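Engineer: Please model the complete structure; the sequences and the hints are all you need to start from.
Protein chains: 2
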Amino acid sequence: MGNIPPVGRKVTLSDIAAGCDVSRATVSLVLRGSPLVNKHTRARVEEELRRQGYVYNRAAANLRRRTSSSIALVLNDLANPFFAEFAAGVDEVLGDTGFVTLLGSTSESTERELAVLSSLMEHGPAGIILSPAEGSDAQQILSAVGGVTPLLLFNREVSGDVAACDHWDRLFLDNQRGARLATEHLIGQGHKRIAFYGGHLGSSSCRQRRAGYTEAMKAAGLSVEPSWMVECIPNRLDAVAQSEQLFQGKTAPTAAVCYNDAVALGLMLGLHQRGLQPGRDFALTGFDDIAEAAVSAPPLTTLAVTPRDRGRQAAELILQRVKDPSPPPRQTIAPVQLLVRASSCPPPA
Amino acid sequence: MGNIPPVGRKVTLSDIAAGCDVSRATVSLVLRGSPLVNKHTRARVEEELRRQGYVYNRAAANLRRRTSSSIALVLNDLANPFFAEFAAGVDEVLGDTGFVTLLGSTSESTERELAVLSSLMEHGPAGIILSPAEGSDAQQILSAVGGVTPLLLFNREVSGDVAACDHWDRLFLDNQRGARLATEHLIGQGHKRIAFYGGHLGSSSCRQRRAGYTEAMKAAGLSVEPSWMVECIPNRLDAVAQSEQLFQGKTAPTAAVCYNDAVALGLMLGLHQRGLQPGRDFALTGFDDIAEAAVSAPPLTTLAVTPRDRGRQAAELILQRVKDPSPPPRQTIAPVQLLVRASSCPPPA
DNA sequence: CCTCGCCTTTGTAACGATCCAAATGTACCC
DNA sequence: GGGTACATTTGGATCGTTACAAAGGCGAGG
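From first to last, the protein sequence lines stand for chains A and B.
Okay, so the first sequence: first residue is 0 according to numbering that gives the first Met the number 0, each after it adds one.
Okay, so the second sequence: first residue is 0 according to numbering that gives the first Met the number 0, each after it adds one.
To be clear, the hints were calculated from the coordinates, so they are not data collected in a lab.
Possibly wrong hints are sitting among the right ones.
[Claimed, not checked] Partner residues aside, some chain A positions facing chain B, computed with beta carbon under 10 Å:
1) ALA60
2) LEU93
3) GLY94
4) THR100
5) ARG307
Values in this document were obtained by computation on a predicted structure and should not be read as measured data.
All residues carry an ideal CB built from backbone N, CA and C; glycine is no exception.
Structural biologist: What follows is the structure in structure tokens.
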């Protein structure tokens with residue numbers, strides 16, 4: 000059973016063909032499990048494949064067949080647990096389908112996004128899943144990816160000409176409904192002065208969540224003070240820093256719907272610094288249900304978005320589109336679920 | 000300026016050549032910025048490239064040149080923020096170098112790891128960065144990746160025949176020193192009965208951290224009760240569940256060095272349930288410095304491992320190896336830094 | 001006018017797989 | 001024995017790019 004040592008040059012189809020005295024075409028048929036080849040021949044070829052340690056060259060096959068076996072996954076912030084979970088979900092499904100994931104991380108820079116997209120395009124992905132950086136422009140993205148490769152927009156809308164990108168599929172969270180549910184829940188707890196805290200107006204998800212909040216407030220006949228709408232960078236640090244602003248107006252809020260969990264956890268710290276105990280003196284809700292939300296003090300009422308499931312869904316959507324590009328583009332809104340925990344207490348008496 | 004509409008078929012070198020009446024070879028030279036081509040010709044070709052919206056086909060080029068422009072990144076748990084940060088660091092460097100990241104996530108399953116590795120190998124990566132699943136076998140991994148492609152082992156050792164894989168590069172955290180530092184710090188605070196809590200003996204990082212702990216205890220002449228060495232799945236949930244075990248022995252510990260931050264945060268909850276307040280009645284330390292560690296209640300003393308820097312470093316190491324495979328394999332031990340916070344209080348008086 | 005060198009350009013054969021039409025058996029029936 | 005059907009195998013062209021050797025044009029120098 001002389002094993003061929005793993006030396007420099009790679010083993011190709013021709014080596015196998017030569018090794019067991021058949022044509023390259025036959026070996027190729029064996030590789031693809033064609034029923035055409037004789038049982039006995041197949042066995043001989045398979046033995047030779049093992050013996051020489053053959054590795055299929057998918058790039059060569061893709062070139063010849065004009066196919067692709069990769070999907071590009073471009074994320075604005077891979078380090079964010081939400082997107083990490085999302086990526087894990089995407090990769091899970093793609094892996095099972097024989098596709099490989101081409102990863103690209105843009106660190107929220109539109110410039111880098113374009114660079115990453117063009118670089119990935121050169122590898123000819125069958126499709127692209129893109130969670131755009133803040134401020135991404137539809138026209139520019141289109142010119143980077145070309146009109147041919149299917150693209151699924153995740154999580155955020157892009158700015159600019161709608162016509163430029165109206166053939167892209169979309170997968171968004173139900174931001175508006177989520178924020179409305181959170182707001183309604185706080186109203187149900189008896190709050191009347193409710194703020195919307197954090198996030199960037201530059202991002203579509205923030206605008207949508209604000210819209211849900213406004214909708215609920217309006218429906219309940221509650222008014223909103225300007226000082227209750229505070230923007231901040233959606234991370235814990237800036238959320239602490241900006242929390243003062245909530246209390247600058249004439250009347251202080253008794254509760255806040257926060258842009259996301261990170262912001263909510265930051266606000267908790269800010270409240271502590273003011274001598275307020277979140278979940279007793281002040282109610283708040285988050286968005287995302289990150290791992291930490293369940294175990295913070297107090298545990299955070301928030302909206303579960305199940306990013307891993309979203310990743311799986313995104314992969315399935317793009318695969319469908321790759322399989323059949325003809326149906327009209329589809330926009331999918333994924334539901335979110337309100338998880339009530341101790342942070343959303345009733346107002347102090 | 001008639002723009003060619005973005006129709007089905009992809010634009011190739013030949014289309015450009017035909018479009019401006021030069022040979023394919025010339026276009027190829029232009030693409031690669033060769034100084035051979037005449038300035039005037041170059042301009043004409045470049046104009047045509049733009050006009051037709053040409054996209055370089057790197058797969059075809061790689062096939063011809065027998066090169067590769069991708070690096071495989073295979074992680075045992077992408078959803079873990081530690082690895083997500085790591086991946087972001089890897090991708091950052093690779094992106095800057097013109098390489099593309101092929102992602103593979105194994106969900107801590109050795110079976111899936113082998114499947115993912117073989118699938119990625121078919122795309123002919125120039126190198127592989129592997130953070131193995133628990134229980135991975137060197138021999139099996141070797142047979143999946145072949146002896147040719149450079150591999151960098153990250154974070155964990157693999158079991159089995161050392162000779163099988165002694166030509167792999169390695170990048171590990173200084174687990175032993177980290178745990179020793181944490182233990183010494185607790186000893187310095189006055190603790191004598193210190194436990195080592197959590198982790199799986201199946202993983203080499205856990206064994207190394209235990210070794211550091213044991214080393215420090217021995218050096219200080221402190222003895223260790225068997226009931227102070229508790230295993231658990233390294234997540235918050237199981238850490239809560241197993242925390243009872245710490246107090247089953249004759250003498251209860253007053254402090255614990257935890258396998259990692261997740262475990263430490265779980266133990267905090269377990270302590271609360273026993274009526275003990277962590278950071279006052281019981282001291283503990285973590286490992287990793289996840290975002291949450293700085294803001295837990297109390298803030299967690301832990302070891303910073305800067306996963307993003309590790310990712311960058313891993314990318315650089317594998318790129319070096321790809322560039323020149325000849326130097327002998329190298330093992331790199333990345334330093335960790337003790338961050339003292341409120342959780343590591345002195346023992347109660 | 002021929003030769004030489006220089007600057008550009010180009011035809012052709014690869015890279016490793018697949019497709020396709022055509023060629024080889026070989027079994028069976030009339 | 002010839003013809004037909006069926007099962008199996010195969011050469012050669014091809015995917016989009018690059019390497020290489022060789023060719024073309026052109027000015028200078030002898």
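Engineer: Take the hints in turn and mark each one as holding or not.
Structural biologist: Going through the hints against the structure:
| no. | hint | result |
| --- | --- | --- |
| 1 | ALA60 | holds, 9 Å |
| 2 | LEU93 | holds, 9 Å |
| 3 | GLY94 | holds, 6 Å |
| 4 | THR100 | holds, 4 Å |
| 5 | ARG307 | holds, 7 Å |
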